[in-house]
Each structure stands twice: as structure tokens, then as C-alpha cells.
Amino acid sequence: AQSVSQHNHHVILSEAASLELGCNYSYGGTVNLFWYVQYPGQHLQLLLKYFSGDPLVKGIKGFEAEFIKSKFSFNLRKPSVQWSDTAEYFCAVNEGTTDSWGKLQFGAGTQVVVTP
Amino acid sequence: EAGVTQFPSHSVIEKGQTVTLRCDPISGHDNLYWYRRVMGKEIKFLLHFVKESKQDESGMPNNRFLAERTGGTYSTLKVQPAELEDSGVYFCASSPLGQGRSYEQYFGPGTRLTVT
Chain A
1 AQSVSQHNHH VILSEAASLE LGCNYSYGGT VNLFWYVQYP GQHLQLLLKY FSGDPLVKGI
61 KGFEAEFIKS KFSFNLRKPS VQWSDTAEYF CAVNEGTTDS WGKLQFGAGT QVVVTP
Chain B
117 EAGVTQFPSH SVIEKGQTVT LRCDPISGHD NLYWYRRVMG KEIKFLLHFV KESKQDESGM
177 PNNRFLAERT GGTYSTLKVQ PAELEDSGVY FCASSPLGQG RSYEQYFGPG TRLTVT
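Chains as they are written, first to last, in my numbering: chain A, 1 to 116; chain B, 117 to 232.
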């Protein structure tokens with residue numbers, strides 16, 4: 001069965017530290033890749049997405065992600081985090097060319113806490 | 117532009133009762149999705165409407181769940197009768213239907229359902 005794995009469930013780091021969250025998926029075909037974020041008390045919102053083209057994608061708030069097809073990975077990075085980046089981060093995958101083209105499959109989420 | 121709205125924000129019911137959740141998508145979005153997150157688990161896809169038709173209902177857990185989208189606007193998700201394991205947060209999302217199928221999904225705030 002297809003799956004999405006996020007490597008860490010909880011990450012605690014200090015402001016100005018660098019952040020990298022791992023995401024691997026098991027789909028073999030064409031995929032669309034997403035990172036969503038849920039800040040405390042807010043709804044899920046899109047950080048960035050990859051459909052095709054340049055495998056290094058930039059999103060909002062200084063986040064970027066790199067799609068490495070050979071590794072089935074889509075890791076999220078931010079060079080220097082702020083306290084306001086405290087949130088839960090979700091990797092999601094969508095198979096673009098099947099009957100389930102609308103279905104997002106999510107990873108378990110990573111709770112990131114940034115300390116002042 | 118108004119985002120995806122969901123009602124109620126929180127519902128507490130007893131096992132065996134019926135609950136109906138409502139989702140209003142962003143105006144003009146033909147795609148509407150339902151997801152659920154049971155505590156401690158990943159966000160899981162339930163189903164996908166394109167306008168008023170069910171495109172994919174592969175994630176519906178059983179026949180106690182009934183989703184409708186009459187007229188292709190808002191959608192309801194009814195759980196009848198509710199069981200304890202139905203507790204969780206139910207998210208609705210919407211996206212436009214255009215030339216490409218690969219659109220980001222916009223999420224609502226969720227309805228927290230507690231079955232006691």
C-alpha cells in the first residue's frame with residue numbers, strides 16, 4: 001500500500017537554528033507533493049508544493065523543499081527558524097494520474113517547537 | 117474571499133446518536149474533500165466530490181457515514197449511528213477544477229467530534 005513517512009514526530013529547536021524535516025513516500029508513479037502547516041489554533045495551510053519542473057521549490061515564510069525522485073523524498077528545510085514557526089507540519093502526496101487524483105495521503109505530522 | 121467554513125466547530129454526542137457536519141467550500145470550487153484525523157494518527161482521506169458527484173469514496177470507513185453534496189455547493193457528512201471510534205477532527209477542503217488536476221486544496225478549520 002502507498003504510504004507517506006515523516007521521520008520525526010517531535011522536534012524542539014532554538015530560534016535561528018536550521019530545520020530539516022524528512023518525508024518519504026512509496027508511490028511509484030507520477031506524484032504531486034505538498035507540505036502543509038497547522039499553526040496553533042489555525043487551520044491547515046499550504047507551505048509549498050511540487051508538481052513538476054525544478055525539484056527545488058520555495059514556499060512561504062522562507063521554507064523550501066527538495067524533491068529527490070531517486071530517493072522518493074521531499075524534505076522540508078528552513079535555514080533559520082523563528083518562534084512563530086512553532087506548528088505541526090504535514091507532508092502530503094497525491095497521485096496525479098489515477099482515479100484517486102484528488103486524494104491527498106498525509107504523513108503522521110511533525111510537531112515543531114521553537115524556543116526563544 | 118471567504119475560506120472554507122465548517123459547522124459546527126465542536127460536537128459532543130453520545131454513542132448511537134446521529135451527527136451531521138456541514139462544509140461550505142470556497143465559492144466556485146467544484147472539488148470538495150472530506151478528511152478525518154483521529155487523535156494521534158495521520159489525517160486520512162474520506163471522499164472527494166466533483167460538483168455533486170462522488171469522484172472517490174474509497175476512504176469512507178463504513179456505511180454509517182453518508183456524504184452528500186446536493187446542487188454541488190455545500191456538503192454534509194452524516195454519521196449514523198455514531199461509535200466511539202468516530203471521534204476525531206473532520207476536515208473539509210476544496211479546490212478549483214480547471215485545466216490541470218493538480219491544484220492545492222484549501223482546508224477549513226475542522227469539526228471536532230467527540231463521541232461519549
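Hint data in this document are derived by calculation from the structure and do not stem from the laboratory. One thing to keep in mind: the hints can contain errors.
[What the hints assert, rightly or not] Among the chain A residues that face chain B by a calculated CB cut under 7 angstroms, a handful are:
| no. | residue |
| --- | --- |
| 1 | L46 |
| 2 | L48 |
| 3 | K49 |
| 4 | T98 |
| 5 | S100 |
| 6 | G102 |
| 7 | K103 |
| 8 | F106 |
| 9 | A108 |
Heads up, the beta-carbon is just placed ideally off N, CA and C, and yes, glycines get one too.
The hints, checked one at a time:
1. Because the smallest distance between the Cβ of L46 (chain A) and any Cβ of chain B comes to about 5 angstroms, under 7 angstroms, the interface hint for this residue holds.
2. Restraint check, L48 (chain A) versus chain B: the minimum CB separation of about 10 angstroms is more than 7 angstroms; hint violated.
3. For K49 (chain A), the shortest C-beta to C-beta distance to chain B is roughly 6 angstroms, which falls under 7 angstroms, so the interface hint holds.
4. Interface hint at T98 (chain A): violated, since its Cβ lies 9 angstroms from the closest Cβ of chain B, which is beyond the 7 angstroms cut-off.
5. Evaluation of the S100 (chain A) hint against chain B yields a held restraint, the C-beta minimum of about 5 angstroms falling below 7 angstroms.
6. The beta carbon of G102 (chain A) is positioned within 7 angstroms of a beta carbon in chain B (closest approach about 4 angstroms), and the interface hint is therefore held.
7. The closest approach between the C-beta of K103 (chain A) and any C-beta of chain B is roughly 5 angstroms, which is under the 7 angstroms cut-off, so the hint is satisfied.
8. Checking F106 (chain A) against chain B: minimum C-beta separation of about 4 angstroms stays under 7 angstroms; hint holds.
9. Hint status for A108 (chain A): holds, given a least beta-carbon distance of 5 angstroms to chain B, under 7 angstroms.
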